[in-house]
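*Asks:* Letter by letter, the chains look like this.
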Amino acid sequence: MDHKLPPYASTGHKIWFYGFRVICGLIFFFLIAPILIIIPLSFNAQDFFTFTPEMLRLDPEGYSLKHYRDFFGDDGYPWRGLLIGAVLGAGFAGAMWAWKGERYIVLPVLVGALFGLIVGKLWGLDGAEWMTPLRNSLVIAPMATLLSVSLGTLAAIGLSQTHVPFKGAIMAILISPMIVPLIISAAGMYFFYSRVGLQGTYWGVVLAHAALGIPFVIITVTATLVGFDRSLTRAAASLGANPVTTFFKIQMPLILPGVISGGLFAFITSFDEVVVVLFVGSAGQQTLPWQMFTGLREQISPTILAAATILVSISILLLTTVEILRRRSERLRGMSPG
Amino acid sequence: MKLKSLMLLTTGAAFAAPMVLAEAHGNMADSMTLVSWGGAYQTSQIRAYSDPYQAMHEGLEVIWDESSGEAVARMRAMEEAGNITWDLVDVVASDAIRLCDEGLAMEIDHDEVLAPAPDGTPASEDFGDLIVSDCFIPQIVYSTTFGYRTDVEEWGGNTPDDICDVFDLENFPGQRSLERRPIGNMEWALMCDGVAMEDVYDVLETEEGIERAFAVLDTVKDSTVWWTAGADTPQLLADGEVVFGSTYNGRLFSLIEEQDQPVAMMWDAQVFDLDGWIIPEGLPEDRLNRVLDFVRFATDTQRLADQAQYISYGPARASSAPLVSTHADLGIDMAPHMPTDPANATRTFLFNYEWWADYRDDLDARFQAWLSQ
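In order, the protein sequence lines correspond to chains A and B.
When the letters of the first sequence are read in order and numbered with numbering that gives the first Met the number 0, they come out as residues 0 to 337.
When the letters of the second sequence are read in order and numbered with numbering that gives the first Met the number 0, they come out as residues 0 to 372.
Wrong hints could be hidden among the right ones.
[As the list claims (entries may be wrong)] Pairwise CB distance ranges, derived in the manner of DEER restraints:
#, chain 1, residue 1, chain 2, residue 2, range
1, B, Pro261, A, Asp271, 34 to 42 Å
2, B, Ala72, A, Glu128, 52 to 60 Å
3, B, Arg295, A, Asp271, 38 to 46 Å
4, A, Glu128, B, His56, 52 to 60 Å
5, B, Glu111, A, Glu53, 52 to 60 Å
6, A, Pro180, B, Ala368, 24 to 32 Å
7, A, Phe191, B, Asp357, 33 to 41 Å
[Said to hold, decoys possible] Interface residues of chain B toward chain A, partial, derived using beta-carbon atoms under 7 Å:
#, residue
8, Ala80
9, Asn82
10, Gln258
11, Asn343
No lab work stands behind these hints, which were simulated from the structure alone.
Cβ atoms here follow ideal geometry from the backbone N, Cα and C, with glycine treated the same way.
One chain only, chain A, in its complex shape:
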């Protein structure tokens, strides 16, 4: 599509030219508006999902941070909010750093360290309505991500070998959690985990979420492996490196962007997941989306909007990171000017 309308364009061309942009604009509007509308609503001074007359007049009286205060708990919300902000900021700084070509491995380490800090701080805060679910989410999602990334990467590397029998069937089974309706996986896991004593435990939820995350890792890693030159591993072997050294020194750094994007998808899958955790978890493992789900059903409170705004920010940040990493890997391979 041209960026400018050529001077000789006919009326039909003109209509199509502008019509196309209007349609695109409308599509974006319908996709984005429901997400954006919650952000101003989360600063509502009332306890309802309502744009009050004060809000529409942009009167400061109509706005408040009370729902954020509810979210973080009454006692110490400013510094807890700061901590969350620090994670977001550090993640973004790390992503920028990665883009500039520094060692982007720093990013996950940084974010991980800050997660650890927050979780450590939140651990003592039992009883706060939203902090316990936030803590559970922050414990479960990274562990599930770690499992999905390790298992998914290994599976993708194995399946990309030429001599694997039943490759198609194995791939289909590993990808199936992404295709089978979630509610069916959830019900199956519930009965299976109940029998083996995993239902209602942290490990049960972590394993269930890892199973959901693995397909994303397999798909992204398989995609990066397509561009991986196998003669590099042979060269490493000829220089005396054993397969493990070859993997960590040669293959892993080259496919890392795929591993990281797969990991981020796995993280978001676990962080946003509500169906499986309702079955596999019990009230002790209540995650943030679960709390939002019950909160929305039993009491429509704008605290959910505050939580949603925070979640949307985290998701946008993670996806920006994925995009930046993707561009970097393209630039390194000389596929785009960057």
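Dock chain B against chain A, hints included.
*Replies:* Structure of chain B alone, referenced to chain A:
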């Protein structure tokens, strides 16, 4: 001689004391999972029951699960999976009857498990008719009733005071909200079609009666929002999307008194219902001991009266009624906001559990079909 008897006594006491303690407390779990409805109702239970109980029992962990809405399905699944994770479940009376019939809830002897009233009246008399099932431990009487906005200009200063005003779009135009199920709606519709309150269920048993009820509901179908959660109507009333809607009376109390919205109550033909605890069948001994100890505390006369400080639901014990005081935060007198208050209860009905147990599946299906027409 003296010394010997003293020694005997102390040894006896040393042996007997732990036994007495064990008898009183049993072997109790140090954590319990309570299931309730979330929202202001669960908060009232936390403040009136579990907070004081935890203050008495150091180190006890109380986990709340907001799953009462799907309690029946979840308890069936737990039974099937052989993995009971709940210790005490808050359900409405009709769900308690179903769970009891299916053997998923434990049958109890109310006089043995529950504390007597302060004057010694046994629990079964204090709760009286509200014990609708051998498994059911009543907590509150609530009602489903109507709230309306007080600032509707089209109404010309009139305010609805009769259940039939719900179906009167001429004098009270505007969007309504009604619950997305037949219970309550069918009875109200028939009452506004000239059926006397005591004949409602007889008429509703006939095909013609069902048609009549749907015909009345048809008149407002196009201007009705159908709700599924108790929080929906307050939200819809607050943002003005509806002007007239049914929900639980406690939700309306919170909307009007706590949130200060321009809404008023219409108590006419309010439908009473009961809510209470059931204990899941098949709990291990230590958890059962803990739950029995908690339930005895949480349903005594004072605790049930305390709950009414936080939410406008009537305590299920007769002996609690005189103890109902003022709202804990607002300081207003709670008695006039109770559904059971004589001024509010001029015309009420308790919906017929047995009738609905027989006809519910059939009418639910017809109601959903009617909705999608």
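*Asks:* Look at each hint and say if it fits the structure.
*Replies:* These are the hints, each one checked on the structure:
1. Pro261/B / Asp271/A: 34 to 42 Å: 38 Å, holds
2. Ala72/B / Glu128/A: 52 to 60 Å: This hint is violated: roughly 25 Å between Cβ atoms.
3. Arg295/B / Asp271/A: 38 to 46 Å: For Arg295/B and Asp271/A the Cβ distance comes to about 42 Å; the hint holds.
4. Glu128/A / His56/B: 52 to 60 Å: 22 Å, violated
5. Glu111/B / Glu53/A: 52 to 60 Å: 57 Å, holds
6. Pro180/A / Ala368/B: 24 to 32 Å: 25 Å, holds
7. Phe191/A / Asp357/B: 33 to 41 Å: 37 Å, holds
8. Ala80: 3 Å, holds
9. Asn82: Holds, because the Cβ-Cβ distance from Asn82/B to chain A comes to roughly 4 Å (cut-off 7 Å).
10. Gln258: 6 Å, holds
11. Asn343: 24 Å, violated
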